[in-house]
Amino acid sequence: MPMDRFIRALIRWQAVDRPAPARTLTVAEVRRRYADSAAGTRGGAAPEPVASVADQLIGGQGGSFRVRTYLPVADRGRLVTYLHGGGWVLGDVDTHDGVCRRVSVALGAVVVSVDYRRAPEHPYPGPLQDGIVAAEWAAGAFPGRDHVIAGDSAGAGLAMGIAMHRRDLGDIGFAAQLLVYPPADPEMKSESMRAYGSGYLADADDLRWYYEQYVHDPERSTDPAIDLLNADHRGLPPTVIGTAEFDALHDEGVELAARLAAGGVAVRHVPAPGLVHGYLLLADVVPAAAEATGEVLTALERTLTSVPVPN
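When you read off a place in the sequence shown, starting at 1, and then add 4, the result is the number in the working numbering.
Bear in mind the hints are in silico, worked out from the structure with no lab data behind them.
Be careful, since some hints might not be right.
[To be verified] Each pair of labels, with its calculated beta carbon distance range:
#, residue 1, residue 2, range
1, P291, N234, 36 to 44 Å
2, A43, P291, 15 to 23 Å
3, N234, M5, 25 to 33 Å
4, A262, T30, 16 to 24 Å
5, G239, A13, 40 to 48 Å
In this text, a Cβ means the ideal position worked out from N, Cα and C, and glycines have one as well.
Start from the sequences, fold in the hints, and give me the full structure.
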């Protein structure tokens, strides 16, 4: 499918003043650029209304960190623990405020957005440990709900790592997991990485730099929570995976969906034709991104209501 015209225009606009590679900037500069970009994609749109939003600190293994809780207007008894994207280095609960509001409204869910401590100051497994603590806190604070562990990009990798941790403890604890354009192969050897690794808003060199900041010990790159493709996929909760057509991580998401299914996991793969990595953050300004976001959340709704996966 041809690239969405709004996305094509965005790429052309960016190419005029091509951003410097992340590795040539300070961490603070890259974070500021990402936050500014996320703010720019809101397009002046009013935030989706929820019943209330509240921030608080909770205690983790290495210190306290923030969670932001969204209560829905129409509560349907769901709970989503959400891990934001940004290469384990960038992003926070502010950059993903619009995403979490959409999730809360679409699912009628309480959403707990996790401001996990980020690399390189807190490398692996620090962010994962914060996510584990946050998911346990959310389950205790809002008991008796269908609990979804969810995330986009690096946050999707964290979400699956949390699901595997709970599985390994003998307690699935989650009704479903939502993984949107997950990084699943630290070797970055897919065809889509070669095809779309430059000039499509998520460059392969930046992705490699994110891994370097997150995984300080190269020997740990084979840990299941990093190398998702080669993890043990058995016993994981029903899964929705979203991919974008023009994304360096596209093939990793497709392969992860296949390997989860081979491990006996019920999987719904939701492609996003014509779109690029990060489309959740573009939903306010790109109609096709809003449509794709809606399709991913519809697939999650169907998973939670046990509608059979089409053959």
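Tested hints:
no.: 1; hint: P291 <-> N234: 36 to 44 Å; result: 37 Å, holds
no.: 2; hint: A43 <-> P291: 15 to 23 Å; result: 20 Å, holds
no.: 3; hint: N234 <-> M5: 25 to 33 Å; result: 31 Å, holds
no.: 4; hint: A262 <-> T30: 16 to 24 Å; result: 39 Å, violated
no.: 5; hint: G239 <-> A13: 40 to 48 Å; result: 44 Å, holds
Hint 4 from the list above is the single one not met by this structure.
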